[in-house]
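As given, the protein sequences belong to chains A and B, one line each in that order.
The first sequence lines up with residues -7 to 574 when you count with this note's numbering.
The second sequence lines up with residues 645 to 959 when you count with this note's numbering.
Treat the hints as calculated values from the structure; they're not laboratory data.
Here the structure is a predicted model, which means the values were calculated and not measured.
Glycine included, every Cβ here is placed at the ideal spot set by N, Cα and C.
This list has only true hints and no planted wrong ones.
Listed next, with one range per pair, are the computed distances between beta-carbon atoms:
#	chain 1	residue 1	chain 2	residue 2	range
1	A	TYR76	B	TYR710	57 to 67 Å
2	B	LEU666	A	LYS402	53 to 63 Å
3	A	GLN445	B	TRP791	29 to 39 Å
4	A	TYR395	B	TYR710	47 to 57 Å
5	A	GLY494	B	TYR710	28 to 38 Å
6	B	LEU795	A	ASP307	14 to 24 Å
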Amino acid sequence: MTALHNRAKAIISSMALLAVSCAPAMPQQAPAPATAPTAPAAASAPAAGAQPTQAPRAATAPPATPAPTPRPASAQPTPAQPKYGGTLNLIRSTDPPNLDIHFTSTAFARQGAGLVYSKLLINDFGTGVDPDKLVVVPDLAEKWEQPNGTTYIFHLRKDAKWQSLPPANGRPVTAQDVKYSFERMKSPDSVFKENFDLVKNIDVVDAQTVKFTLAKPFAPFINLVAFQGSAIVAREVVDADGDLKKRAIGSGPWILSEFNRGVRQVYSKNPTYFNKDKIYLDKITYYVIPDTATQLAAFRAQRADLWFFPKDQIDILKSAIPGLQTEVLIARNVNSLGFAVDKPPFNDIRVRRAFSLALDRQAIIQFALAGDGIVQGPIPRGYLTAFGLKTDDASRLGTWWKYDPAQAKKLLEEAGYKDGLKLKGLGPNNLPYLRDNLLGSLDQLKAVGITLQPEVVQFAIFNERKFKRDFDVLSASFSSTFDVDQLVYVAYHSTGSQNVYGIKDPKLDDLLERQRSAILPEDRAKAIGELNQYLMDQVYLPTIYDQVNWWAWQPYVRGVRPQYYWTAASGEQRWEGAWLAK
Amino acid sequence: MSTYAARRILIAVPVLLGVVSLIFVVMRIVPGDAASLMLSETGGTPADVTRIRTQLGLERPLYEQYGLWLWSVAQGDLGNSYWTGRPVVAELVSRLPVSFELTLFAAIIACLIGIPTGVLSAIRQDSFLDYAGRLVAISGLAVPGFWLGTLLVIFPALWFGWAPPLSYADFFADPLANLQQFLLPSFALGAFMAASMTRMTRSAVLEVLRQDYIRTAWAKGLKEQAIVVRHTLKNALIPLVTLSAIQIGHILGGTVVMETIFSLPGVGRLTIQSILERDFPQLQANVIFLACIFVTVNLVVDLLYGWLDPRISYR
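Given only the sequences and the hints, what does the whole structure look like? Please build it.
Set out below in structure tokens:
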């Protein structure tokens, strides 16, 4: 099946390339800078979460941001005077069912909201920012303090105003709005309530100052405040409509002027935005294009200005669009084949290790992603780098992540499975790479005596069976959008919301609690390192890869550089500084 | 005829009820519901799942859910979408023009291609034109619609740097953009129907051409055009009308694929989305609508027979 699959893909790619070579010559494009060779980011650049703050902290200045390490990318355009005006046309594969950023779980709700709402803090973006770094900078809060491990004080900027739409009507954003928003995020209907469990009190000190008191130290807190979903919303809208499903009125740079579900969202420049001088565009339009072939066609025809594509399609686009700008980003998600560890056979550590040793991860990356991925240990390489930890294979993958079918067989025999195992593997049919993780591992597992019967089902069925733990092996994916804690805690902690694997390990719980409560950077780095070692040793989840995404944007789009995957796909970068040279 | 029509409409009611009831039960039996999907990204405890299921009314027994739903339908309320909170009828109505236009254009294209090709093929039987027509017909039947649709998206972009406008433009607001958007998907959707119509037209015309009255017409010295148009086509249309009714079903199913490929916000895409999202109220409303379409089309076709062939009477 692997050979046939690859042959089919090769034929389709060849047909596309043949079409390009037969195409009439492209009309001359406007002169654009040459595209420098791109390179995968993770190999060279260090990545960072928020700059951990020192505690106790008396200074009111935001933490110092180290100078970004220059990294190879498509060459940034020659500095030119930005032009005002124009509409940036973007793609999304689907759109949110409604606009309620706190109560709607899909990432797409947050993507649009990032344009409309402000947050206290935000992940830095811009052409001068290293995409591998997640540096937190001020947004609504012009500065913050951390007087001790459990207290954070945010000072709001005085020029922040709600958009001039009823019922907020352009009034100033106050500390009361911040308190209201975070209490909404803590409420039972909020999809983020788990994240804010540790927030004990939110106090309005004065109109521009708000204080958070946590139940205990929580190192990811600053990153959480900068998270997409931590939007500051206007109470009047909720009071008027009962929810935020129908309207999005924020204090951000863009006003949602049209939400046509399944068709498009249109955002217009907010003239009262506090950084309005950095907004050059008139409009941003997100078109909903679910089909990947149509996405490619739209981009090729320059009806869309920015999106990500597989590597082979990037090559087609580069030959068709002179001056195309590209960037490679590591997705920072983790794809794995997990199993229930609280019952046989995977409650035996030897069987878990054998399973992991049986996987040829490079081959699976080739099969599932046509090579657009990197072998991944339990914790994504970007996070290890952020904490100054080693990222050589031995350090981040350990003993059990290598491909060693002979040792796998030996371990299975020692565990009493000399005759092999028959298992069922569950995967969703709407995400090809998760399906292919299963299919790509069949022969490898068979070689060590594990017969895996794949069950590729509709996503709703997959989800239900996942929650009911009705599987032997599960092909799943985790993402973290603001901090490594969001990834490891939910998956591995005995109370984690995504822990469908039955992992109940007091030592692991302790390590997880330690890393999230270690406020000092060096303490947290040590805790993360120990956690990673333990996860590599126990093999609770044999992770396979992290995806590499190739982003492309048109030659005439300037002042843009996609950052970390989720920010690039979302409104995180707000398109401040973006302009169109046409 | 009016008695016949009234009887057919009355029969349609239990048919519609049966179809929708089947969908109601099947969707609730199939694993997965909106509650677990809503928690798929963030995860949740069993208590969270129960809370959402209770909010959506999914915790009630099946018979209770069915009874409540039937009662609200009888009052004209088809409910609100689980995901958007909007009335499902409003969502459906907003998507209707797109699917209607796509289906209409596909049917027009199918007729414009299928009937003339079939007639030409028949009256020039065993000639080059006949073989060409039959080849085109076979190709249209063999080529999957989704593949043709994808090619029609990709190759104009790669060869000419052109793609249809990205968002739906109403025909009356911007006819040019609208036609640019609908031409390709309508062609892809109508291709199969055109192929079927070509073959059926050819067979029907050939059969009619062999009739005695046609031979008499030739003997009288009528021109070919008069024979074909005045004497042959109308009699050949009867099986074509039957075929069209069946093909409407195929086209309606095909709109799902074409609306997805060409990013058109129609009923087909809404239906598939509501299935994947387990949005039961939306799906049920869509099924009622589609079933009504089927029933109506079949009724219209049956009534058309009477007009086409005066010998047909209704009892």
